[in-house]
Amino acid sequence: MSGIRRRHTIGTAALMLAVTLATAGGQTPGFEASARDTLKRYAAALESRDAGAVKKIQPSVPTDNLARAFKDMRELKVDIDAVRVLSVDGNKARVSCRVTQTLTPKVGAKQTTAVTRVIRLQRTEDAWVIDGFER
Numbered sequence: 004m005s006g007i008r009r010r011h012t013i014g015t016a017a018l019m020l021a022v023t024l025a026t027a028g029g030q031t032p033g034f035e036a037s038a039r040d041t042l043k044r045y046a047a048a049l050e051s052r053d054a055g056a057v058k059k060i061q062p063s064v065p066t067d068n069l070a071r072a073f074k075d076m077r078e079l080k081v082d083i084d085a086v087r088v089l090s091v092d093g094n095k096a097r098v099s100c101r102v103t104q105t106l107t108p109k110v111g112a113k114q115t116t117a118v119t120r121v122i123r124l125q126r127t128e129d130a131w132v133i134d135g136f137e138r
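According to our numbering, the sequence shown holds residues 4 to 138 in order.
Derived by calculation from the structure, the hints in this document are not laboratory data.
These numbers were taken from a predicted model, which means no experiment stands behind them.
You may find that some hints are simply not true.
To be verified - Ranges between beta-carbon positions, derived for each pair:
1. GLU35 / ARG138: 18 to 26 Å
2. GLY33 / ASP67: 34 to 42 Å
3. THR105 / ASP129: 25 to 33 Å
4. ARG138 / ALA47: 18 to 26 Å
5. GLY55 / GLU78: 17 to 25 Å
6. ASP82 / GLN125: 34 to 42 Å
7. SER90 / ASP67: 31 to 39 Å
8. ASP92 / ARG138: 16 to 24 Å
9. THR105 / ALA70: 14 to 22 Å
10. VAL86 / LYS109: 15 to 23 Å
11. ALA72 / GLY33: 33 to 41 Å
Cβ coordinates follow ideal geometry from the N, Cα and C atoms, glycine included.
Generate coordinates for the entire structure from the input sequences, incorporating the hints supplied.
Structure representation (structure tokens):
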């Protein structure tokens, strides 16, 4: 094998190894940006206090209960950060993140909570959606 061809073969093998390592565990390049976008859309939907908008991102949410809860709110601020991809397997993924919510009810005092959650995501035809929460 010539030196040039051998270097090309070694270079190709190294590139394939790098791609394999980068996608280990099913993670695909760019998934983290997609997950962050999904969570950003989710936070915005919650802040809008529109149960229908939330349902587009979290299809399993009971919209009647959510709509009733939103009616009791003056304002809802949601910040999702510290996003970490735990796994990606085809059309399913798990991410960990910190969710901070500041709820201002129509009656009563403002309440802020912060919790670390594991969120299951599911890929649909056109976007990632929230499939559920683990904690």
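Holds or violated: 17 to 25 Å for the Cβ distance of GLY55 and GLU78? 19 Å, holds
Holds or violated: 33 to 41 Å for the Cβ distance of ALA72 and GLY33? Holds: the Cβ-Cβ distance is about 34 Å, inside 33 to 41 Å.
For the pair ARG138 and ALA47, does the Cβ-Cβ distance stay inside 18 to 26 Å? 23 Å, holds
Status of the given 16 to 24 Å range, CB of ARG138 versus CB of ASP92: Holds - the Cβ-Cβ distance for ASP92 and ARG138, about 19 Å, lies within 16 to 24 Å.
Range first: 34 to 42 Å. Now tell me if the beta carbons of GLY33 and ASP67 are that far apart. For GLY33 and ASP67 the Cβ distance comes to about 36 Å; the hint holds.
Falls inside 18 to 26 Å, the C-beta gap from GLU35 to ARG138? 21 Å, holds
Should the hint that THR105 and ALA70 are 14 to 22 Å apart at their CB atoms be regarded as holding? This hint holds: roughly 20 Å between Cβ atoms.
Cβ-Cβ distance between THR105 and ASP129: within 25 to 33 Å? 31 Å, holds
The hint says 15 to 23 Å between VAL86 and LYS109; measuring C-beta to C-beta, is that right? About 31 Å separates the Cβ atoms of VAL86 and LYS109, which means 15 to 23 Å is violated.
Range first: 31 to 39 Å. Now tell me if the beta carbons of SER90 and ASP67 are that far apart. Because 33 Å falls inside the window, the suggested range holds.
Does the beta carbon distance between ASP82 and GLN125 stay inside 34 to 42 Å, or does it fall outside? With a Cβ separation near 23 Å, ASP82 and GLN125 fall outside 34 to 42 Å, so the hint is violated.
Hints 6 and 10 from the earlier list are contradicted by this structure; the remaining hints agree with it.
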